[in-house]
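> Dock chain D against the given chain B, drawing on the hints supplied.
Line by line, the protein sequences give chains B and D. Sequential numbering from 1 applies to the first sequence in our numbering. Sequential numbering from 417 applies to the second sequence in our numbering.
Think of the hints as simulated: they come from the structure by calculation, not from any bench. All C-beta atoms, glycine included, are put in the ideal place defined by N, C-alpha and C. Check before you lean on any hint, since a few could be wrong.
The list that follows gives simulated cross-link-like pairs (lysine-lysine, DSS-like), each with its CA atoms no further than 25 Å apart [what the hints assert, rightly or not]: (1) B:334 / B:158; (2) B:390 / B:272; (3) D:454 / B:190; (4) D:536 / B:390; (5) D:454 / B:390; (6) B:158 / B:390.
Covered stretches of chain D, as calculated for chain B (at least 3 residues, CB under 8 Å) [stated by the list, open to error]: (7) 471-485; (8) 527-535; (9) 552-564.
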Amino acid sequence: MTDLSRRDLLAGAAALVGGAVLAGLPESVEGQAAKAAAAPRPVAPPDPTKLQGGPTSAVGSRSPYVTPARTPTGETVGNSLTPLQELSGTITPSDVHFERHHAGVPSIDPLRHELVIHGLVERPMVFTMEDLQRLPPVTRTYFIECSGNGRASYRDPKPDLTPQKAGGLTGNTEWTGVTLAQLFREVGVKPEAEWFLAEGGDACVMTRSVPVAKGWEDALLVYGQNGEPLRPEQGYPLRLLLPGYEGNMSVKWLRRIELGTAPWMTRWETSKYTDPLPNGTARAWSFAMDAMSIITAPATPRKLSGKGWWPISGLAWSGRGKVTRVEVSTDGGKRWQDAELVAPVLSKAHTRFTHMWEWNGTEAVLLSRATDETGYVQPTRTALLEVRGKGTDFHFNHVRGWRVAPDGQISFYGET
Amino acid sequence: MRCASIPAVLVVAAAACGAPQPPAAVPSGEAAEAAINKEGPRYGLGRSADAARVAALDIDVGADGRGLPAGRGSVADGEKLYQAQCGNCHGAQGQGMAPVYPALIGREPREGFPFGTDPKLVRTVGNYWSHATTLVDYVRRAMPLTAPGSLTDDQVYAVSAYILAANEIIPKDAVLDSAGVMAIQMPAKDRFVPDDRRGGPEVK
Chain B
1 MTDLSRRDLL AGAAALVGGA VLAGLPESVE GQAAKAAAAP RPVAPPDPTK LQGGPTSAVG
61 SRSPYVTPAR TPTGETVGNS LTPLQELSGT ITPSDVHFER HHAGVPSIDP LRHELVIHGL
121 VERPMVFTME DLQRLPPVTR TYFIECSGNG RASYRDPKPD LTPQKAGGLT GNTEWTGVTL
181 AQLFREVGVK PEAEWFLAEG GDACVMTRSV PVAKGWEDAL LVYGQNGEPL RPEQGYPLRL
241 LLPGYEGNMS VKWLRRIELG TAPWMTRWET SKYTDPLPNG TARAWSFAMD AMSIITAPAT
301 PRKLSGKGWW PISGLAWSGR GKVTRVEVST DGGKRWQDAE LVAPVLSKAH TRFTHMWEWN
361 GTEAVLLSRA TDETGYVQPT RTALLEVRGK GTDFHFNHVR GWRVAPDGQI SFYGET
Chain D
417 MRCASIPAVL VVAAAACGAP QPPAAVPSGE AAEAAINKEG PRYGLGRSAD AARVAALDID
477 VGADGRGLPA GRGSVADGEK LYQAQCGNCH GAQGQGMAPV YPALIGREPR EGFPFGTDPK
537 LVRTVGNYWS HATTLVDYVR RAMPLTAPGS LTDDQVYAVS AYILAANEII PKDAVLDSAG
597 VMAIQMPAKD RFVPDDRRGG PEVK
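Bound conformation, chain B alone (with noise of 0.2 Å):
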């Protein structure tokens, strides 16, 4: 029955007068229009109030003018992005939040999945979902980004770069579960142990090694996500959640902890996940993801309908901590001016901010940069591209902007 009354909403106004339905949305959805030019727009009745609508649902959806949508590559070893121009606030759907796995997404039963710890500890233990879930919960807002996030603007800035393509590989969300410092003490961490090696339950048994320093400080094992269970693209039942640290040591589908003195030296801390530099070497160990912000609107595809005030918005975030300043410049640079940081800024989260701009109709670019509470400033792709040289792989979080030409078409600007 609830096919039937969304179909017959639907048939109702097609019946009618097609376009002219859609008078009252606003014109700045036009770009997202033209791009979705080849599936025709649904079509509402003239006037809602005068039909009843749709029945309660067992799980609801959006509507059907809102469509947001990550980026699949097809293959098991691939990424999807966040739309991060269609969304507001700080908190990502889980459903679009960004994707990056090596060996697809593994099926796992929640009743045969166990944690395994051993190695350094007083008792190796084995740990079943409902034994974790039994511990004091915790929830916690924290952003995951993956460190190769934004090595397009970095290495090949072109004009028709998105939101979701320049910076999509990040998302904020509400984790719960229990700090990895519950677990340690459950075992008994030996003090001799300095490093742990985190391992995932998916195709390639995903191995990262982290310092077991960042254990007891803040990691958490989640098993929640946005107030559900994780969703399984991120690590249903189980994930390593280390906040600030790049996101693929956030290991999903976790099942073995082993507490060790040295690094492991896994293919995902030497081939991957390593900086190379313009002076002949490579950094090892870079964890911390450093302050970033991108203004996710104005921004490509969507076109500015005419001059006045628009509010430009964006996200914020840093791995070091808090984000404490945002400043937005609409001159390519030339001047800056603070945003405004909407409460609550929490550390190691996103933070939206947002200002308002009244554009007067001639070319602009629009920027924005990062201040976060270690005093780093988020600094322009020349300034990085000096010290890391174009062909460092990972931590690309310079500042980048959108161009608004005079008849409000949007692009890309990475030349900074």
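Below, chain D alone, put in the same frame as chain B:
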């Protein structure tokens, strides 16, 4: 011997392992948080992990060779295995299939380590990997793509031997075992440096 590459303690030992030095201790605010978290209740949930359970899962090979399995494999056997089970993705010459399947074989550029300046350079086992143990560990746990973790330990050594020989790191007539793996000096072993970013005003 297990390499004690502990922060700010044994630079010499770390260098001897061909491993970069791990990051320095966490900042004081976070250290304070960690200290608080060390003191707290224990609930006694979970059950003891028996040795057999741990042994079945504990397949990792450390940089010090701990966990290297018994067994051996020749370059010749490895080449046959590689062409049968690996070449479809990684290429008959180990050239890879970008962007999904990485290149494995190739020593160019032989001079320097210019990966930071030239994004076109392809990173391989031969020109970029710092430890031979990493190769054994990853082949054993994750390869081949269509049947992950299915190779016998002898096959793991054989495939590893072939990849290392094709990269001119061991002779073409070599037979690889755990001692052989530990004797290998990877061309890129001294190229890695610890992360020196610490926040603050300097861009690094």
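> Is the straight-line distance between the alpha-carbon of residue 536 of chain D and that of residue 390 of chain B 25 Å or less?
holds (10 Å)
> Going straight from one Cα to the other, do residue 454 of chain D and residue 390 of chain B come out at no more than 25 Å?
violated (42 Å)
> Given that the stretch 552-564 of chain D was listed as covered by chain B, double-check it with a C-beta distance under 8 Å for 3 or more residues.
Since 6 is at least three, the answer is holds.
> Residue count check for the stretch 527-535 of chain D against chain B: does it reach three with CB-CB under 8 Å?
Coverage by chain B holds for the stretch 527-535 of chain D (8 residues, Cβ < 8 Å).
> Verify the coverage statement for the stretch 471-485 of chain D against chain B, using a C-beta to C-beta distance below 8 Å and requiring 3 or more qualifying residues.
holds (count 8)
> Is the hinted pair residue 334 of chain B and residue 158 of chain B satisfied, with a Cα-Cα distance of at most 25 Å?
holds (22 Å)
> So if I understand the rule, the pair passes when the alpha-carbon distance is 25 Å or less; does residue 390 of chain B with residue 272 of chain B pass?
OK: residue 390 of chain B and residue 272 of chain B at ~17 Å, within 25 Å.
> Given the proposed pairing of residue 454 of chain D with residue 190 of chain B, does the C-alpha separation stay at or below 25 Å?
holds (12 Å)
> Given the proposed pairing of residue 158 of chain B with residue 390 of chain B, does the C-alpha separation stay at or below 25 Å?
Holds: residue 158 of chain B and residue 390 of chain B sit about 15 Å apart, inside 25 Å.
When the structure is compared with the earlier hints, a violation turns up for hint 5 alone.
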